[in-house]
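Here are the chains, one letter per residue:
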Amino acid sequence: MRSYAARRLVAAVGVTLGVTVATFLLLHVEPGDPARLVLGEHASPQAVAALRRSWGLDRSLPSQFWRFLSGLLRGHLGKSYVYGVSATSLIGQRIGVTLALVALATLFAVVIAVPLATLAAARKERPLDHLVRGLSVLGLGMPAFWFGIVLIEVFAVHLKLLPVGGWGSSPGQHLEGLVLPALTASFAIVPILVRSLRVGMAEVLDAEFIATVRSKGIGEVRVLLAHVARNALIPTLTLLGINVAFLVGSTVIVEQVFDLNGLGSLLLDAITNRDFPVVQAVTLVLAAIVVVLNLLTDLLAARLDPRIRLR
Amino acid sequence: MSGALLTAPQLELEGARMPSFWRRARRSPTLLAGCTITGLIVLAAILAPILSPDRPDQQDLFHILSGFTWQHPLGTDELGRDELSRLLYAARTDLKVGALAVVFPFCFGTLMGTVAGYYGGLVDSIVMRVVDVVIAFPFYVLVIGLVFVVGPGERGIYVAFAVADWVVYARTIRASTLIVREADYVAAARTGGIGDLRILARHVLPNTITQAIVYVMNDIVLVIVAVVTLGYLGLGVQPPTPDWGAMISDGQEFLTTRWTLSTIPGIAVVLTGLGLSLIGDGLADVLRPR
Numbered sequence: 037m038r039s040y041a042a043r044r045l046v047a048a049v050g051v052t053l054g055v056t057v058a059t060f061l062l063l064h065v066e067p068g069d070p071a072r073l074v075l076g077e078h079a080s081p082q083a084v085a086a087l088r089r090s091w092g093l094d095r096s097l098p099s100q101f102w103r104f105l106s107g108l109l110r111g112h113l114g115k116s117y118v119y120g121v122s123a124t125s126l127i128g129q130r131i132g133v134t135l136a137l138v139a140l141a142t143l144f145a146v147v148i149a150v151p152l153a154t155l156a157a158a159r160k161e162r163p164l165d166h167l168v169r170g171l172s173v174l175g176l177g178m179p180a181f182w183f184g185i186v187l188i189e190v191f192a193v194h195l196k197l198l199p200v201g202g203w204g205s206s207p208g209q210h211l212e213g214l215v216l217p218a219l220t221a222s223f224a225i226v227p228i229l230v231r232s233l234r235v236g237m238a239e240v241l242d243a244e245f246i247a248t249v250r251s252k253g254i255g256e257v258r259v260l261l262a263h264v265a266r267n268a269l270i271p272t273l274t275l276l277g278i279n280v281a282f283l284v285g286s287t288v289i290v291e292q293v294f295d296l297n298g299l300g301s302l303l304l305d306a307i308t309n310r311d312f313p314v315v316q317a318v319t320l321v322l323a324a325i326v327v328v329l330n331l332l333t334d335l336l337a338a339r340l341d342p343r344i345r346l347r
Numbered sequence: 006m007s008g009a010l011l012t013a014p015q016l017e018l019e020g021a022r023m024p025s026f027w028r029r030a031r032r033s034p035t036l037l038a039g040c041t042i043t044g045l046i047v048l049a050a051i052l053a054p055i056l057s058p059d060r061p062d063q064q065d066l067f068h069i070l071s072g073f074t075w076q077h078p079l080g081t082d083e084l085g086r087d088e089l090s091r092l093l094y095a096a097r098t099d100l101k102v103g104a105l106a107v108v109f110p111f112c113f114g115t116l117m118g119t120v121a122g123y124y125g126g127l128v129d130s131i132v133m134r135v136v137d138v139v140i141a142f143p144f145y146v147l148v149i150g151l152v153f154v155v156g157p158g159e160r161g162i163y164v165a166f167a168v169a170d171w172v173v174y175a176r177t178i179r180a181s182t183l184i185v186r187e188a189d190y191v192a193a194a195r196t197g198g199i200g201d202l203r204i205l206a207r208h209v210l211p212n213t214i215t216q217a218i219v220y221v222m223n224d225i226v227l228v229i230v231a232v233v234t235l236g237y238l239g240l241g242v243q244p245p246t247p248d249w250g251a252m253i254s255d256g257q258e259f260l261t262t263r264w265t266l267s268t269i270p271g272i273a274v275v276l277t278g279l280g281l282s283l284i285g286d287g288l289a290d291v292l293r294p295r
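Chains G and P supply the protein sequences, listed in that same order. Mapping the first sequence onto my numbering, position 261 (from 1) lands on 297, and the numbers just tick up by one. Mapping the second sequence onto my numbering, position 197 (from 1) lands on 202, and the numbers just tick up by one.
By construction, these hints were calculated from the structure, which means they are not laboratory data. Do not take every clue at face value.
A partial selection of chain P residues facing chain G, derived with a Cβ cut-off under 8 Å [stated by the list, open to error]:
hint, residue
1, 134
2, 138
3, 230
4, 233
5, 237
6, 264
7, 283
The beta carbon of each residue, even a glycine, is placed where N, CA and C say it ideally should be.
Please model the entire structure based on the sequences and the hints provided.
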């Protein structure tokens with residue numbers, strides 16, 4: 037286990053470094069000049085040059101990267117061009133909302149996808165299976181934001197059960213405000229989870245040990261819950277690890293639909309304001325969240341299934 | 006003499022394979038359903054100038070936010086533009102952008118996956134490390150970031166998908182190339198002194214590419230959904246060119262009074278996705294080796 041964990045950790049550090057370089061290059065090797073963009077068309081060349089100097093944009097690319105990297109190691113993600121405060125503090129104010137959203141969406145995704153996949157596998161090629169498969173095909177082509185709007189329409193506008201959007205001020209309101217967004221975000225990955233899990237579950241159902249369990253006269257429900265679903269735990273974890281990047285990306289859009297002030301809306305605001313350091317910092321933090329979650333799911337899966345460690 | 010011996014059975018094989026594909030394709034209800042739905046939507050997009058009651062940007066200021074009428078079968082938006090016309094013209098935009106945006110990722114990803122899987126070693130390590138980094142970015146964050154850098158609109162979309170989307174093809178093709186590489190017929194071809202390029206083109210790619218082709222359908226769905234999402238955020242196809250995403254976004258304001266404005270374009274996206282996914286699933290069934 038320890039050597040597997042060490043290998044995984046080294047790989048994760050490597051990917052994080054790669055992500056850092058990629059994010060930096062993304063925002064520095066582009067044709068537009070941030071100083072010109074912030075000051076506008078009519079600013080004098082002197083003013084633009086002065087601003088470039090104060091942001092360090094007149095230095096060479098490697099020296100800018102070194103400044104960025106050494107800042108990162110000290111916990112500085114850069115300073116917002118627009119608000120004049122550090123990107124770290126902007127992110128600190130908002131990361132909680134995004135993490136809560138990701139956590140609740142993951143929970144919903146598992147709670148919805150695992151039973152559906154189990155049912156479909158248990159009733160393979162029967163009407164229920166076709167229904168689940170049909171719904172998951174439908175879900176694949178459904179834009180998350182549109183699904184969110186439909187949820188708002190039904191649960192907030194017509195039934196008035198949940199708020200239309202926003203974060204509220206008390207923990208109870210926070211949770212209420214997160215239900216529809218998390219449901220929306222989870223639907224970005226539920227169809228993928230159901231489709232993959234269904235195949236895996238069907239294989240487990242055909243396995244010899246299930247035949248043995250059945251031959252002992254154990255009821256079908258218990259077979260499914262105690263023996264089949266249990267074997268789905270590790271594939272579910274692995275699948276979550278693979279799809280968590282997509283889920284985190286979807287929260288950006290979901291936050292916009294439900295007017296939540298998380299990292300996603302910070303990113304979109306920064307893009308509208310051409311606030312380069314904040315775009316860079318948020319992109320990096322979101323990618324880092326994905327790397328960490330990936331690492332955690334991998335380590336947990338390896339802990340539960342010794343065979344993974346030997347690969 | 007030996008040449009004749011080798012070519013005769015091969016010709017027979019070629020002849021036997023193609024009809025079996027069509028025979029199996031015709032029997033697949035999934036594929037037929039997918040082709041029907043997709044075909045109808047593509048037809049509607051092509052015939053948009055004939056089917057539309059109005060030009061997509063024609064404003065009828067006397068009938069703003071009208072309900073369903075004979076003049077405007079699906080109503081009008083806040084500028085009095087005919088929804089049905091916008092829906093049909095948006096199909097043209099979104100289908101075109103979706104189909105074009107997957108071309109580069111498909112080709113480049115297939116090439117990278119084949120090269121990495123076949124040659125292995127350092128090439129493989131480099132390609133796979135790049136893939137790891139691209140995959141670590143949340144998909145929408147990377148796409149939004151790239152569109153931000155290149156600039157909103159169609160060009161931004163193409164660049165964004167070129168960078169973000171090839172990795173899935175590279176991974177899939179690499180995995181199957183690793184298996185095919187070890188096959189006896191590849192070893193035989195190599196022993197026979199056939200060059201790498203020819204082995205890759207004649208013996209490896211035909212066996213690995215089917216998975217990529219199946220994935221193209223699901224990928225177009227992903228891309229259309231993403232294009233619509235970018236349109237919703239105002240980063241996609243720019244107005245006044247009609248796009249389903251911008252339509253949904255414009256309609257969200259009027260959810261309480263005219264909920265069809267953002268619901269109907271959404272249904273159009275879902276139906277398009279359904280059609281293409283069914284084609285993908287059907288193709289996977291038909292092409293799967295027995």
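Tested hints:
Satisfaction of the interface hint for residue 134 of chain P is found here, the shortest Cβ-Cβ separation to chain G being roughly 7 Å, below the 8 Å cut-off. The beta carbon of residue 138 of chain P comes within 4 Å of a beta carbon in chain G, closer than 8 Å, and the hint placing it at the interface holds. A distance limit of 8 Å between C-beta atoms decides the matter here; for residue 230 of chain P the minimum to chain G is near 5 Å, and the interface restraint holds. Annotation: interface hint on residue 233 of chain P holds; nearest CB of chain G at approximately 5 Å, less than 8 Å.
This hint holds: residue 237 of chain P has a C-beta 5 Å from the nearest C-beta of chain G, less than the 8 Å allowed. Of the supplied interface hints, the one on residue 264 of chain P holds, with its beta-carbon coming within about 6 Å of a beta-carbon of chain G, less than 8 Å. Given the 8 Å rule on beta carbons, the hint for residue 283 of chain P holds: about 6 Å separates it from the nearest Cβ of chain G.
The structure fails none of the hints (numbered hints given earlier).
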